[in-house]
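Number of protein chains: 2
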Amino acid sequence: MAKLDFFYEFASTYSYLSAMRIDDLALDYDIEVNWRPFLLGPIFKAQGWETSPFNVYPDKGRYMIRDLERLAEAQGLPNFKMPKIFPAHPILPSRVALCFSGEMRAAFTRAVYDAEFAHGADVADTKVIEKILEGLGEDAAKIFEKVNTPPVKDLLRKETEAAQKLRIFGAPAFVTEDGEMFWGNDRLEAAMEWVAKG
Amino acid sequence: MAKLDFFYEFASTYSYLSAMRIDDLALDYDIEVNWRPFLLGPIFKAQGWETSPFNVYPDKGRYMIRDLERLAEAQGLPNFKMPKIFPAHPILPSRVALCFSGEMRAAFTRAVYDAEFAHGADVADTKVIEKILEGLGEDAAKIFEKVNTPPVKDLLRKETEAAQKLRIFGAPAFVTEDGEMFWGNDRLEAAMEWVAKG
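Protein sequences, first through last, are from chains A and B. Using the numbering used here, the first residue of the first sequence is number 3, and each one after it goes up by one. Using the numbering used here, the first residue of the second sequence is number 3, and each one after it goes up by one.
Heads up, a few of these hints could be off.
Any copy, or any two copies together, can satisfy a pair, since identical chains are not distinguished.
Cut-off 30 angstroms, straight-line C-alpha distance, at most; resulting in silico cross-link-like pairs (DSS-like, lysine-lysine) [said to hold, decoys possible]:
hint, residue 1, residue 2
1, Lys133, Lys148
2, Lys47, Lys144
3, Lys148, Lys62
4, Lys155, Lys62
5, Lys62, Lys133
In case anyone wonders, no lab produced these hints; they're calculated from the structure.
Can you make the complete structure from the sequences, with help from the hints?
Dropping the structure here:
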């Protein structure tokens, strides 16, 4: 089955929209999605930003919220809500996501985004992540034992380096097996079509 | 007839895509488009940029070109070509556009974008604009007499101030009569739908 890499960041609002619809689209297009969490922090730092561009440029940030309200509604998602802390520190949920693979990673990711952007939770908070893991029937204590071990930390570092090597500068980004990059939730369909046409 | 304001910048690549398709869409949606050229320079300066963000952030600039190649092809436009000088100084074509109104302003705008992004011309060059005006059956000398007079200069300044007051931070931007803003060529359909649903 043809594959598409889905690079997402846990603090990224537009990654949320993609995470909530990518599996349905993948079914339609008969494509296997590879869920790849990474960190935008090091990439933004290299661009001279110490925080999200939506904080750096307030007019853009204000517009983004309105845009997301409209898009979430059109997509049938709950009312969009900015989390108390934006951008959230994405390290904890990213590492937890990398403890899983396949459908479980996707399910965990969607649950984190739902807590963050439909309920305003701070997903850097261990208690929030614990509750999400329990809701998914996972043993949170067992996951938390793994989360700060070198293999998991290394994996997140490697994924972030892979994104940098692909010249990814924002999230979500979709990368095809033949190296074509598509940036932004708005390009998800175009990425799928690229893969489907082979 | 319901109206939609189309704020565009002559150096903006994505404004080009919108300019080439907005009239067809407006016909479908039965909407009157108000073509409003303005300057991004003062707006970018307020954000701390001395040039286009696509120059400030090279990875973004590289991606933008690939994105535009794909989008131009999908839209049935000639091969996308970056102009020799990017971003072009938009003052001359902006002032000329403001010497016209209605369909003539739209036709002039499309001709400028075609020269710039399908043929790589420098649209700050008087000779390029002269040729475009002649191609449209206009008396270039007569237009050039008007172009640097206070009423035309003031109008461009006022349009740019109007964009700033609306908190426009990029182009194209679409603004509805009830004050809803949509940013980017990707949001053109959403803007039309907003207007059409009343």
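Now for the hints, and whether the structure bears them out:
no. : hint               : result
1   : Lys133 with Lys148 : within (17 angstroms within a copy, 68 angstroms between copies)
2   : Lys47 with Lys144  : neither (33 angstroms within a copy, 51 angstroms between copies)
3   : Lys148 with Lys62  : neither (38 angstroms within a copy, 36 angstroms between copies)
4   : Lys155 with Lys62  : between (33 angstroms within a copy, 28 angstroms between copies)
5   : Lys62 with Lys133  : neither (33 angstroms within a copy, 38 angstroms between copies)
The structure is inconsistent with the numbered hints 2, 3, 5, although it conforms to all the rest.
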